[in-house]
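For the protein sequence lines, the chains are A and B, in the order given.
Heads up, the first sequence is in the numbering used here, so the first residue is 1 and it goes up one at a time.
Heads up, the second sequence is in the numbering used here, so the first residue is 1001 and it goes up one at a time.
Rather than coming from a laboratory, the hints here were simulated on the basis of the structure.
Everything numeric in this text was worked out from a predicted model, so none of it was measured.
A portion of the hints provided could be inaccurate.
Calculated lysine to any residue pairs in the SDA-like style (CA-CA distance at most 25 Å, straight line) [as the list claims (entries may be wrong)]:
1. 1194(B) x 1210(B)
2. 138(A) x 1063(B)
3. 138(A) x 1014(B)
Beyond 12 Å from chain B on every Cβ pair, some chain A residues (computed) [said to hold, decoys possible]:
4. 26
5. 31
6. 33
7. 39
8. 40
9. 51
10. 59
11. 60
12. 84
13. 96
14. 98
15. 105
16. 120
17. 129
Which chain A residues face chain B? A few, computed with CB under 7 Å, are given here [as the list claims (entries may be wrong)]:
18. 50
19. 54
20. 58
21. 131
22. 135
23. 136
Backbone N, C-alpha and C define an ideal beta-carbon position, used for all residues, glycine too.
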Amino acid sequence: MNDKVFEPKIIAFCCHFCAYASADLAGSMRLQYPSGVRIIRTPCTGRLEVEFYMRAFENGADGVLVAGCLEGGCHFIDGNLFAKKRVNSTRNILEESGIEKERLRMVNISAAMATNLVTVINDMVNTIKELGPNPIRKSIDGSGGEYKEFETLNSQK
Amino acid sequence: MIVAKRKKIPEIFDAVKDHKNVLVLGCGTCVTVCLAGGEREVSIISSALRIASRKAGKKIKVNEFIIERQCDNVFIESAAEEIKKNDAVLSLGCGAGVQAIAERYPNTPVYAGLDTSFLGILESRGVWTEKCMQCGTCVLSDFGGICPITRCAKHMLNGPCGGSREDRCEIRADQPCAWQLIYKRLKDIGQLDKISKEYPAKNWSTSINGGSRTIIREDHRI
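Taking the hints into account, I'd like the entire structure generated from these sequences.
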């Protein structure tokens, strides 16, 4: 690792109706969370496929956070329950491939839970800081693990 | 349909780790339906292999391709170009698919990415059950359409064994007793007399026990 401070690159898939709205609220409330967390809005966490998580790690993400509605509160009734099963199954595939399963996590956040969202993001960042950079990042960009833009990583493939 | 399941990634990686270019070849028929070797699984397993190879400090290039049916030469043809570009093929087809590819490309190593499990049906979402063990002499007409050979743990033609509890098999309590099902079914269709018929010992030579089987239809040969 370089002497630079490791700032985890985390992809946060947030569902449009709950978690994304709570991220919006966090912004309105001026709540701070680490800038290495990049939020991707999805119509529902049930839309997220196993491939999405795998591709994120393959391209060097240090962690993936899946944030859906509270159980029972999904706009599409049970999309977040499907997502939960898929996340759990992906964690096993990741572990088999050599990536710690703690790097992928699903949380349930309602549209009003902005402070909770910031808490889980900070939790996730701390977990990833303990684990260190994505173990395959070194071989992707030849660096010691410092962050590079994803576009750069992809062009080096 | 043929039902299969994915092998563990370390086992797959171990097989392909010495190659530089690996083609992960999916099959669009049975294994797509049983969610083991279709387009989506090709993508997931390829991704897992890329991660595993980078973790191991190797630079394996993993390519993806899917054909409609791996057990048929007509369809294998469509993968010819892709297979030529790679050093090895990781087939996500059933055992028949893997062998068909290997026979067609004698100079290309072909590895199996799935464990072919059985001939069965989709029972409910995410649940597949075995229904036929291809014994070669079908007895379903005599047993109300429920196979005692496949679904009875003891393969009994003259059942029940007497060990079932309620309607559960004594070997595996999560399975229903096939003979209970047969009794109920024959009763429902008014053919209960069939259950008192005695069957001679089964001739297993038509099964896999007699070696791998071949069917030749002279009327269709050219």
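Here's how the hints hold up against the structure:
1. With a C-alpha separation of about 29 Å, the suggested pair residue 1194(B) and residue 1210(B) falls outside the 25 Å cut-off, and the hint is violated.
2. The straight-line distance between the Cα atoms of residue 138(A) and residue 1063(B) is roughly 22 Å, inside the 25 Å bound, and the hint therefore holds.
3. For a cut-off of 25 Å, the pair hint linking residue 138(A) to residue 1014(B) stands: about 21 Å separates their Cα positions.
4. The beta carbon of residue 26(A) is kept farther than 12 Å from every beta carbon of chain B, the shortest such distance being approximately 31 Å.
5. Against chain B, the non-interface label of residue 31(A) holds: every CB pair exceeds 12 Å, the least being about 33 Å.
6. With a minimum CB-CB distance of about 27 Å to chain B, residue 33(A) clears the 12 Å threshold, and the non-interface call stands.
7. Against chain B, the non-interface label of residue 39(A) holds: every CB pair exceeds 12 Å, the least being about 22 Å.
8. The non-interface label for residue 40(A) is consistent with chain B: the shortest C-beta to C-beta separation is roughly 18 Å, beyond 12 Å.
9. At roughly 5 Å from the closest C-beta of chain B, the C-beta of residue 51(A) falls inside 12 Å, breaking its exclusion from the interface.
10. Distance check on residue 59(A): its Cβ comes as close as 10 Å (rounded) to a Cβ of chain B, failing to clear the 12 Å threshold; non-interface status is violated.
11. Taking the minimum C-beta to C-beta distance to chain B, about 10 Å, the non-interface status of residue 60(A) is violated against the 12 Å cut.
12. No Cβ of chain B approaches the Cβ of residue 84(A) within 12 Å, the least distance being about 14 Å, so the stated non-interface status holds.
13. Remark: the non-interface label on residue 96(A) conflicts with the geometry, its nearest Cβ contact in chain B lying 4 Å away (cut-off 12 Å).
14. Its closest Cβ contact with chain B, about 4 Å, brings residue 98(A) to no more than 12 Å, contrary to its assignment away from the interface.
15. Even its closest Cβ contact with chain B, about 18 Å, leaves residue 105(A) beyond 12 Å, as expected for a residue assigned away from the interface.
16. Distance check on residue 120(A): its Cβ is at least 25 Å (rounded) from any Cβ of chain B, clearing the 12 Å threshold; non-interface status holds.
17. With a closest Cβ-Cβ approach of about 20 Å to chain B, residue 129(A) is found to remain outside the 12 Å limit, as its non-interface label requires.
18. Against a cut-off of 7 Å between C-beta atoms, the interface hint on residue 50(A) holds, since the closest Cβ of chain B lies about 5 Å away.
19. Taking 7 Å as the C-beta contact cut-off toward chain B, the hint placing residue 54(A) at the interface holds, the least distance being around 4 Å.
20. For residue 58(A), the shortest C-beta to C-beta distance to chain B is roughly 5 Å, which falls under 7 Å, so the interface hint holds.
21. With its C-beta approaching chain B no nearer than about 14 Å, residue 131(A) sits outside the 7 Å limit, and its interface hint is violated.
22. At a threshold of 7 Å, the smallest CB-CB gap from residue 135(A) to chain B is about 6 Å, leaving the interface hint in force.
23. With a least beta-carbon distance of about 4 Å to chain B, the hint placing residue 136(A) at the interface is held under the 7 Å criterion.
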